[in-house]
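Sequence lines, in order, name chains D and E. So in the working numbering, spot 248 of the first sequence is number 248, and the numbers just go up one at a time. So in the working numbering, spot 328 of the second sequence is number 328, and the numbers just go up one at a time.
Hints may contain errors.
What the hints assert, rightly or not - As a list, the in silico SDA-like pairs of lysine to any residue whose alpha-carbon atoms are at most 20 angstroms apart: (1) 247(D) - 261(E); (2) 302(D) - 171(D); (3) 118(E) - 73(E); (4) 247(E) - 171(D); (5) 188(E) - 71(D); (6) 247(E) - 263(D); (7) 311(E) - 119(E); (8) 78(E) - 61(E).
As the list claims (entries may be wrong) - Incomplete in silico selection of chain E near chain D, CB under 8 angstroms: (9) 81; (10) 233; (11) 261.
Rather than coming from a laboratory, the hints here were simulated on the basis of the structure. Ideal Cβ positions, reconstructed from N, Cα and C, are used throughout, including at glycine.
2 protein chains.
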Amino acid sequence: MIKVALDALGGDFAPDVVIEGAVNAVNKNANIHVVLCGPEAQVKEGLAKLGYTGNGITVVDAPDPVAMDEHPVMVVKKKQHSGLVTCVALQKKGMVDASVSAGNSGAMMASCLLLLGKSNDKFARPPIGCVIPTADHPVILVDAGANVDERASTLVDFAIAGSAFAETYFGYPQPKVGLLNMGEEEHKGPAVLQEAYQLLKSAPVNFIGNIEGEDLIMGKADVIVSSGFTGNVVLKMLEGFFEMHHKMFGSIDTEAGRKFDAMWDYRMTGGALLLGLNGTGIIAHGRSDALAIEKAVEVAAKYAESGVAAKVNERLAAIKDEAPAEPAAEA
Amino acid sequence: MIKVALDALGGDFAPDVVIEGAVNAVNKNANIHVVLCGPEAQVKEGLAKLGYTGNGITVVDAPDPVAMDEHPVMVVKKKQHSGLVTCVALQKKGMVDASVSAGNSGAMMASCLLLLGKSNDKFARPPIGCVIPTADHPVILVDAGANVDERASTLVDFAIAGSAFAETYFGYPQPKVGLLNMGEEEHKGPAVLQEAYQLLKSAPVNFIGNIEGEDLIMGKADVIVSSGFTGNVVLKMLEGFFEMHHKMFGSIDTEAGRKFDAMWDYRMTGGALLLGLNGTGIIAHGRSDALAIEKAVEVAAKYAESGVAAKVNERLAAIKDEAPAEPAAEA
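Next up, chain D with everything else stripped away, as it sits in the complex:
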């Protein structure tokens, strides 16, 4: 049984869609137990309205609301009785295996950082590892938006974390790692990417070189390494494209149409995983509907069950940042 703590008040359409998503997740997955953290009476009323009487959901009273613009660290300090902080605190106590919130993503990140703790000192903020669609197969994007202005060595750590993610979660053997850039040649792009290219050549990943925006869409790499800034632009463009496509064409009832919807609907991805933490913290989309929440709970359980966080941490720990390339000549 995998236990997933879920912030009942997180997201633009909470708590109704959160409760509905939780019910659907446990009804469809006998191995998942959801701990709904929120105002007890309201959450229980919501469950009753849906006629849920099973034992797949526990409610933990956490009445404080968290606004989308509240200062992340202040939320952790002052809003200990919020659903968001409670669902992370329960994981810290070992009572759940994963924590999910569609609420204030900065506050979720701060809660995970301060309560679960970093597994290492490589990242200023835990990079966001996100499953994204391509024309071919789902791939992992790191970082989808936590960091900015990274050093080249940090991009290498993204590559290592992303590879461990793709191997563990998808079972891709030796996932192909591409550095998102503006040309294939190694001297292309911003200075930090040129430096990262050189470092990636000798990093313990299957580095296939630079990939461009079109290669990303075509699924040329299994792991896309990118600054958090560019990764965020990419992620939101992918969402925008799906949304536009649906507005223009609706659901196309052919094999291709069903394949497109299954992979490109960002709700199916469920949530993004914070990497480099001692635990499993998932950020779901702010505008999640019930389906997105259901999928977020499912992927949270899969992340926890397949041990993605542990594998990422193990790989990152194996890297010495300043390993000498050669024995010193004078030794």
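Position chain E relative to chain D; hints supplied.
For chain E alone, coordinates are given in the frame of chain D:
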């Protein structure tokens, strides 16, 4: 009559598709004359094969080929008898109004820089202004890939150039300028974008603030300001979306499908304009087919006719880089 010089050997499928595109462009547009620059006998043979006997095309002998990996500046110096350099040199002499190549884009940029010259000293390299599709209407992206690691003030110059482009070419009054970023708030994103945000507030453009990847797709801004690096990723993702859509669904024969194809097919865009030059230099797509070349010739003529380059230069010249914000107190 607008005269467009076209590099007959430029592009992956040259010269056949280039000659065909030129013929189609002049057959459909009585006001366009194309000067095809390439190996004379080969080009004339190509025209004969297509049965073209009109007087809309002149051939200028320029026999030297330019490889895709040749050093840009060396091309300008050593390959003066190439189609690429010749089509820019003809503009310098006032014999044509615009120059188009689908060949080595670095060499095309160097030819334009060295032969036509910069209109000002604001840009290290002429930014690429590109018409891109959205869910709503075509918009201008600056820079689509010429520069990297720009200063904040350079991004402001992109905004000014892009606004002049959108006003002159599309007739958009007071085009909405969006800064491509990873959040709406002004303190979001890389340091250079935070600085650019502050500068854009008082720049002579209709600045609407940060826009995200999804807003870009939805057409929230008329001018997208972005580093050349990010702009290149964006442009190639847009091309990838169209290609993937077509592979999955083909041409969808509905009103929406025809609208999508008309706007999202990157061949329809024709070519991107180099900004901040004393002249009209257009880079067409390396894998252009005959349709893409035809459209590149058409947009080149439109750029020249509507005076985009002149308007961009006028606006850039009006900006003093270090204008004092207030009269000095001690004066």
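Hints, verified against the model:
1. 247(D) - 261(E): holds (15 angstroms)
2. 302(D) - 171(D): holds (12 angstroms)
3. 118(E) - 73(E): holds (15 angstroms)
4. 247(E) - 171(D): violated (27 angstroms)
5. 188(E) - 71(D): OK: residue 188(E) and residue 71(D) at ~14 angstroms, within 20 angstroms.
6. 247(E) - 263(D): holds (15 angstroms)
7. 311(E) - 119(E): holds (11 angstroms)
8. 78(E) - 61(E): holds (16 angstroms)
9. 81: For residue 81(E), the interface hint is violated, since the closest Cβ of chain D sits about 27 angstroms away, which is over 8 angstroms.
10. 233: Holds - the Cβ of residue 233(E) comes within 8 angstroms of chain D, reaching about 4 angstroms at its closest.
11. 261: Nearest chain D Cβ about 11 angstroms off; hint violated.
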